[in-house]
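Chemist: Chain by chain, the residues run as shown.
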Amino acid sequence: MPPIIQIQDLHKSFGDNAVLKGINLDIEEGTTLVVLGGSGSGKTVLMKHMIGLLKPDRGRVLVEGQDIVPLDGEELARVRKKFGMVFQAAALFDSMTVYENVAFPLREHAKLKESEIREKVKEKLAIVGLRNVESKYPADLSGGMRKRVGLARAIILDPKIVLYDEPTTGLDPITTDYVDEMILDAKRELGVTSVVISHDIASAFKVADRIAFLSQGHIVEQGPPEQLRRSEEPAVKAFLSTWFGKQ
Amino acid sequence: MATDAEKSPEAAPDEPNTFVEGVENVGRGVINSISSFGGMATLAWEILRWSVRPPYRLQNLFAQLDFVGVGSIFIVCLTGTFTGMVFAQQSSRAFELFGAESLVGPTVALTITRELAPVFTALMVTMRAGSAMCTELGTMRVTEQVDALETMAVSPVQYLLVPRVLAGLIMVPMLTMLFDTSGMVGGFFVSVTLKGMSAGTWLARTQTWLDPEDIFEGLIKAAVFGFAVSLISCYRGFNASGGAKGVGKATTEAMVGSALAIFILDYFVGVILH
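Sequences listed follow chains L and U, in order. Take the first sequence: its position 65, counted from the start at 1, is 517 in my numbering, and no numbers get skipped. Take the second sequence: its position 212, counted from the start at 1, is 638 in my numbering, and no numbers get skipped.
To be clear, the hints were calculated from the coordinates, so they are not data collected in a lab. These numbers come from a predicted model, not from an experiment. Hints are supplied without guarantee of correctness; some may be wrong.
[Claimed, not checked] To spell it out: a stretch of chain L is covered by chain U in this simulated footprint if at least three of its residues, at any positions, have a beta carbon under 8 Å from a beta carbon of chain U; those stretches are: (1) 539-545; (2) 550-563.
[What the hints assert, rightly or not] Think about it this way: if two alpha-carbon atoms lie no more than 30 Å apart in a straight line, the pair counts; the simulated DSS-like pairs of lysine-lysine are: (3) Lys612(L) <-> Lys563(L); (4) Lys563(L) <-> Lys574(L); (5) Lys534(L) <-> Lys565(L); (6) Lys473(L) <-> Lys500(L); (7) Lys612(L) <-> Lys572(L); (8) Lys507(L) <-> Lys671(U); (9) Lys500(L) <-> Lys675(U); (10) Lys675(U) <-> Lys507(L); (11) Lys671(U) <-> Lys500(L); (12) Lys671(U) <-> Lys588(L).
[Unchecked claim] Here are a few chain U residues that sit away from chain L, every Cβ distance over 10 Å (derived from the structure): (13) Asn451; (14) Ser459; (15) Phe508; (16) Leu645.
Ideal Cβ placement from N, Cα and C applies to all residues, glycine included.
Using the sequences provided together with the hints, build the complete structure.
Modeler: Structure (structure tokens):
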């Protein structure tokens with residue numbers, strides 16, 4: 453079976469700053485890929501190309517075999533419905549309650565009765581371990597709860613692919629652990645393909661089936677977590693030693 | 427002892443050349459202005475395109491009509507009343523000099539309906555609603571809420587901008603009519619109650635001189651201003667970047683740009699209508 457996402461020779465610059473310099477990456481269906489790298493290495497830029505939020509200067513992004521780079525408007529919207537995205541700071545609509553936030557994609561794209569919407573919202577909030585928060589506003593929630601609401605919103609339409617942008621940044625160790633479990637649960641229970649952008653080594657090794665290491669605009673190493681751990685690539689060794697060196 | 431570099435003017439490249447810097451700054455400003463104008467024209471086309479495509483988001487539109495229109499009623503009435511009062515006060519003093527006090531009513535009515543009402547109403551809407559539109563959209567942009575909409579296959583232009591720009595286009599003329607009314611009531615009050623003019627003469631003269639075209643001209647101006655103000659505010663907010671500071675900068679640019687646009691368009695729309 454061909455990979456669900458294929459990135460081929462992707463280049464992207466902002467002015468004189470070349471952020472991505474020829475990325476090649478395949479993501480298999482039903483697996484979790486973590487893109488690991490330091491701050492400012494271009495991880496989020498890479499993720500935004502996967503869902504068509506950014507257009508590359510050169511290269512192709514294939515989603516289920518379809519190149520999304522030339523797509524626009526309705527066609528791109530159709531591809532985006534295959535995705536759910538969890539943003540670094542959750543990006544919940546602050547003028548809406550938790551219920552309205554999670555129900556938002558359903559109201560936009562599914563013709564359901566209000567009772568059905570209520571049922572689905574409840575179900576997804578339960579999956580992410582939240583109860584009795586429907587009437588709260590995002591400002592009333594903790595960082596971890598906001599991320600969980602963000603995930604509930606991302607999976608409400610049962611997408612094939614979920615993108616996580618720095619899901620554990622700024623969270624305490626217990627909440628980080630909970631978010632890691634949440635990513636694993638989403639894969640186990642919903643069978644989604646997950647792409648996680650992170651610089652959190654512990655989380656990456658816990659949730660990943662494969663890890664791609666991004667450095668200076670290139671994927672310098674990719675493979676299962678054990679392969680990364682044994683990597684002789686200097687950038688990977690230096691990065692991982694900050695964590696495993698302490699173990 | 428002086429070095430060669432100190433002796434030779436060509437050998438001091440680090441010295442700032444204020445003339446060149448000045449020209450560069452002016453050039454940069456012109457390029458930025460042209461780029462912003464192009465960006466706004468493109469956005470206006472996008473808004474037009476999305477406004478005729480389903481789904482029609484009537485709930486969002488009504489929320490914006492309420493915010494821009496209903497929320498501005500008090501401030502527009504207050505401004506209109508005092509503008510009419512001040513204008514009647516000042517013009518009656520001038521007309522008294524040559525015994526033409528009966529012209530105060532028509533002067534107040536014509537000036538308000540054709541010029542002051544659309545301009546002042548648009549300025550009030552800019553300050554109250556335009557600033558809120560810009561900061562709200564700017565905050566949504568920098569906190570990735572706009573990106574979130576896009577990832578959920580919802581057009582941010584259709585969901586966020588179309589209702590706001592339509593609300594500006596529809597509500598500024600309506601508020602202008604309120605300004606017209608309250609301005610004339612204020613002018614009437616000062617002329618008749620405080621200056622002792624005849625109410626009948628005031629009303630009769632105003633009715634004679636004020637044509638429906640005068641009111642219509644003001645309303646056309648108001649619609650143009652409403653569209654421009656909401657478009658500029660949306661454009662600045664939608665393209666904000668750089669956190670809280672960036673949102674603040676975008677709001678300042680939106681306010682200054684909107685105020686300038688109102689005065690510049692006032693002249694050109696006036697010329698076109700005549």
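Chemist: Are the hints correct? Go through all of them and say.
Modeler: How the hints compare with the structure:
Residues of the region 539-545 of chain L with a Cβ under 8 Å from some Cβ of chain U number 6, which satisfies the need for three, so the listed coverage holds. Only when three residues or more bring their CB closer than 8 Å to a CB of chain U does the claim for the region 550-563 of chain L stand; here the count is 4, and the claim holds. Between Lys612(L) and Lys563(L) the CA atoms are separated by roughly 20 Å; this keeps the pair inside 30 Å, and the hint holds. For the hint linking Lys563(L) to Lys574(L), the alpha-carbon distance of about 17 Å falls within 30 Å, and the restraint holds.
Distance hint between Lys534(L) and Lys565(L) is fulfilled; the C-alpha atoms sit about 22 Å from each other, no more than 30 Å. For the hint pairing Lys473(L) with Lys500(L), the CA-to-CA distance comes to about 15 Å; that is within 30 Å, so the pair holds. This hinted pair checks out: Lys612(L) and Lys572(L) have alpha carbons roughly 17 Å apart, not beyond 30 Å. At most 30 Å may separate the alpha-carbon atoms for a hinted pair to count; Lys507(L) and Lys671(U) meet this at roughly 27 Å.
Between Lys500(L) and Lys675(U) the alpha-carbon distance is near 26 Å, which keeps this suggested pair within the 30 Å criterion. With a C-alpha separation of about 27 Å, the suggested pairing of Lys675(U) with Lys507(L) holds against the 30 Å cut-off. Taking the CA atoms of Lys671(U) and Lys500(L), the gap is about 24 Å. The hint holds against a cut of 30 Å. The hinted pair formed by Lys671(U) and Lys588(L) meets the criterion: a straight-line CA distance of about 28 Å does not exceed 30 Å.
The Cβ of Asn451(U) sits about 20 Å from the closest Cβ of chain L, beyond the 10 Å cut-off, so the non-interface label holds. The claim that Ser459(U) is not at the interface with chain L holds, since no C-beta of that chain comes within 10 Å of its own (minimum 20 Å). Every CB of chain L is more than 10 Å from the CB of Phe508(U) (nearest about 34 Å), matching its label as outside the interface. Every CB of chain L is more than 10 Å from the CB of Leu645(U) (nearest about 32 Å), matching its label as outside the interface.
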